[in-house]
Amino acid sequence: MPAVFQAVTVDYVAVAPMLIVVAGALVGVLVEAFAPRARRHGIEVVLTLAVLLAALVVLAVWSRDHLAVTVGGALSVDGVALFLQGTLLVLSILSVLVMAERFGGVGSDAFTPMGASTPGSGQEDAATRAGYATSEVFPLTLFAVFGMMIFVSANDLITMFVGLEVLSLPLYVMTGLSRRRRLLSQEAALKYFLLGAFSSAFFLFGSALLYGFAGSSDLKAIAQAISSSAGGLDGLLLPGVVLTLIGLLFKIGAVPFHSWTPDAYQGAPTPVTGFMAACTKLAAFGAILRLAYVGVAGNRWDWQIGVVAIAILTMVVGAVLSVTQTDVKRLLAYSSIAHAGFILVGVLAFSKAAIGGVMFYLLAYGATTIAAFAIVTMVRQDGSEASHLSQWAGLGRRHPVVAGSFAFLLLAFAGIPLTSGFTAKFATFAPAVASGTAGIVMVVVGVLASAVTAFVYVRLIVLMYFTEPVDGVVALPASIGSKLAIGVGLAVTLLAGVAPTYALQLAGNASQFLL
Amino acid sequence: MHSLITEGGAMTAGAASGISSLAWLLVALPLLGAAVLLLGGRRTDTFGPGLATGLSWASFAVGVLVLVQLLGMAAEDRGMHLTLWNWVPAGSFKLDLGLLVDPLSVSFVLLITFVGSLIHVYSLGYMEHDPDKRRFFAYLNLFVAAMLLLVLSDSYLLLFVGWEGVGLASYLLIGFWNWNPAYATAANKAFFVNRVGDLGLSIAIMTMFVTFGGVDYATVNAGVANANPATLTAIGLLLLVGACGKSAQFPLQSWLGDAMAGPTPVSALIHAATMVTAGVYLVVRSHVIYDATPDARLAVALVGAVTLLFGAVVGCAKDDIKKALAASTMSQIGYMMLAAGLGPVGYAFAIFHLLTHGFFKAGMFLGAGSVMHGMNDQVNMRRFGGLSGVMKITWGTFALGWLAILGVPPFSGFWSKDKIIEAAFVGEGWQPWVLGGAALVGAGITAFYMSRLFFMTFHGPRRWTEDVHPHESPRIMTVPMIVLAAGSAFLGLALGPTGAIQSWLAPVVGEHGEESPVIAVPVLMVLTLLFVAGGIFLAWRGYWQAEVPEVAPRGSVLTRAARVDLYQDAVNEGLFMRPGVHATRALVFADARGVDGAVGGLAAAVGGLSSRLRRLQTGYARSYALTMLTGVVAVLGALWVIQ
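As given, the protein sequences belong to chains A and B, one line each in that order. Positions 1 to 515 (my numbering) are the ones given, in order, by the first sequence. Positions 1001 to 1643 (my numbering) are the ones given, in order, by the second sequence.
Just so you know, the hints here were simulated from the structure itself, not pulled from any lab data. Note that this is a predicted model, so its numbers are computed, not measured. Positions of the beta carbon are idealized from the N, C-alpha and C atoms, including for glycine. Keep in mind that the hints are not guaranteed to be accurate.
[Said to hold, decoys possible] If we take Cβ atoms under 10 angstroms as the criterion, some of the chain A residues that face chain B in the derived model are:
id	residue
1	236
2	239
3	255
4	256
5	309
6	323
7	452
8	494
9	495
10	498
Make a model of the complete structure from these sequences and hints.
This is the structure in structure tokens:
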């Protein structure tokens, strides 16, 4: 029978935020091509912020009333997707503000003047002298955000894969653009790319197996196939689920798929690291939530225990390895691994409360992380970032505000009450405890791992306040953009800790998947 | 309605409306003052003290408006609740913080803000030449804010926050002149002794949380009916421990005398009028618990009786005018505790005496401050004498306070203290005789030591040291003294015989029928006045007519014991400090060897594990990929095996 081509219907209001972002990215590319070099940076920053803001406004005002499974069932714009997309846009705005930081000409921005030049070459020097800037990062960021937005609303394995690649490819490039220690940065980008490709292969292979099992790549169809399975193709199901999930777990840095995280976080330009830690993690968790809850929840008793083991391993390894780190960025990388484990604990609770808790965690952690990395960009010695821990000694004496802010963010990472870290952990762990033995075991491990990481953070605070300052380490005065990003991050961290009710309710009300 | 109030013990509070919905301003205004003065630094030196005083008066104004609103409402509606803040509502665990505006809290609000504001004004004169004046006023404002939070809170938790806040302010102000090591030590002493009480209170709060599932007054009061009596008694006794610490009641009374190291306005406000009465507030606020547990209530009454005698005896031997007044404060709070321990018959009088005492004792402390101001900060009464001629206003205001505390009709103390003595004689068996007897004898001793203090200071021959030139204090100091003296004279008359205080507090603490004491009331009144007259006579003979030696004579055994506060420090040292030091040494040893060893070992183990795991992070993409592959194979393999 000849297939009849049916035009898919698109609910343009529902997908408008995504369209705005991708259109903005394309305009950004044109700006790169046609705007004069001297004004490119300014134009790009304004354009990017405007696009993200516009998308956020459209999402908050119009799209929220247009919950729909649309584009032929490829995208599901439901409460979860909208909440995560909205959070994503807010966090991206904060990240872009930090990326745009140039310290009013006193310091340098975080990006190499010319990504294509050989590190240490005369060409690089010439580009530096000419004052070139890599303003390409802004359209790249928009492309990545676009991919992430698809990722969290993808209702179909193929769409999910497209989202995965659209978000990953710009990030590989951005990772390699660091101004400082460029070789390390390029190495990190290459590693990230290779391992990312490796994990994408797992994801694709798993998707193929699931397609083989269900005859469709649609998550809903897979769920139906699982519940009505006669048993003939069951051999495809478990490996399919596991491989697909592993492809996604790679993105959140779950152990043992985490190896790229410390290298990429350390090598990438610091604002990009913040962006990756907050936004990539959020997008990947969105996809995991959707895959696990909508697609393959039917046979979760077969695969859940494996992910439970991964969650426990992630928390333990992340916490333990953070103890011996000597670099702030690597330390935060391992911290982000441990946090990924904590969030996984919530994901595995399989309840509506858990979805809300996980989304709240992602929001709180994202805001805290971006602010933390923004502060890392400010602390410098001889003009370049002072990321070694020893350089942070005594920072509290010279820059009490900067060090105080960072200490507060560290307390949030540690999960101390009256910070968002505590409420977020509470919101994710509570459903886990309610979910049964495995949940309780994970929460116990989680609390112990938190204790280990608390040691690391407090040690850093002690270092900042109770040791003699190092000569030449200064915190550059940040521009208004960075200050705004840090201020918002601090405010979210405090508010979500002191008065979390509103955000919790927002996340709770949004925690409904559309089937 | 009436019986329902008494039975339920506490009315249910409606939502705050009108000016009461702004009750948070009461706390916020002085807190703002403290914040501005402390954070603003030297920039606020010029206007800071004035600002602090103004904010304190503003808080008083809000208090008056709230009072007016309450008076305009029906008695049973005079309880309003104001929610401030909701924290994580997780399952059954709720943490809502709010304020409770009711007759009891408003009584305290008015006392604290009015006396507090007067003392702010007085301090403008008293502290005029102190280089740290700004810091002093910041602490005063901080104290007022914390004290208001304490009395306005709707739960034991928030009360505890205020409780610790006033403790902090008290500590900072006792040690305000901390360049003097003795003063710093006094501050530490107050701090340590209060820790004991605070620990009791915090355990009480935790017990309440476990027993009633909440720590707000409404939940606790509702749960009392169904609670285990033994638990209630435990809670009552633990609350009493807290009250003893804060209110300097036996056996936690030792800090109050040393607390006189603080500037005199502080002694007047914190260590006479307000903070030290917080224990009485706590007991009265928890009356539902105490009504359900007679044993704990009896303990309260006994503590009060012991303390009132203890303080009175100590007061007889002190030559330091402030320490004598401190002993008197202790004794008077003993009266209040006794009244609170008598149950419904005494709650209203406990609060009544607390209010009148707030006026006359604060007035007398300010008078003592005025004397010190004129006498080069001397405090030894043996070197005073005959000051009535040179400090007429101070003498007059002090005299009114003196008459009030003695319980001479028609001054304030007569109305409040005699009622407590009457109430103490109500009951059956041995209790009225013991408690009432203590109260009666206490009244006689009070008359003796207060008259002794008064005569030694203002009458008899002048025994001044050569370098002093006593003079009256400036207007800014005398005006607050005059206002407080007016209160000492007439407050009791206004509230006592009219029954106003009882009907005002009835919605909170319940009413009680008339019960007659074991001795007829007129007889009792005459007896009390006879005891008082006897006390005055003895003091007149010994300290006005007779020569007062400039150096204290050796005195009897009892005098010597009373001079050192009946050996309380020696007892504390022998019973607690020395064993404590030994226990600390043992614990430090155990900690260094055992706990530190374990913790250090654990940390080293984690660190070692970390170093080892770190080696897996080789930096080679190929080994990372291998790790991933291993992970995939392991997970898949394990799941297959399990399946």
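Hint check:
With 10 angstroms as the threshold, the beta carbon of residue 236 of chain A stays out of range of chain B, its nearest partner Cβ sitting at about 13 angstroms, so the hint is violated. The criterion of a C-beta within 10 angstroms of any C-beta in chain B is met by residue 239 of chain A, whose closest approach is roughly 6 angstroms, and the hint holds. Proximity of residue 255 of chain A to chain B holds as hinted, the smallest CB-CB distance being about 8 angstroms (cut-off 10 angstroms). For residue 256 of chain A, the suggested interface contact is upheld, since its CB lies about 4 angstroms from the closest CB of chain B, less than 10 angstroms.
Against a cut-off of 10 angstroms between C-beta atoms, the interface hint on residue 309 of chain A holds, since the closest Cβ of chain B lies about 7 angstroms away. For residue 323 of chain A, the interface hint holds, the least distance from its beta-carbon to any beta-carbon of chain B being 4 angstroms, beneath 10 angstroms. At about 6 angstroms, the closest approach between the beta carbon of residue 452 of chain A and any beta carbon in chain B falls short of 10 angstroms, and the interface hint on this residue holds. Because the smallest distance between the Cβ of residue 494 of chain A and any Cβ of chain B comes to about 13 angstroms, over 10 angstroms, the interface hint for this residue is violated.
At its closest, the beta carbon of residue 495 of chain A sits 12 angstroms from a beta carbon of chain B; the interface hint therefore is violated under the 10 angstroms criterion. Annotation: residue 498 of chain A was flagged as interfacial toward chain B, and the flag holds, the nearest CB pair being 7 angstroms apart, inside 10 angstroms.
When each numbered hint is compared with the structure, violations occur for hints 1, 8 and 9.
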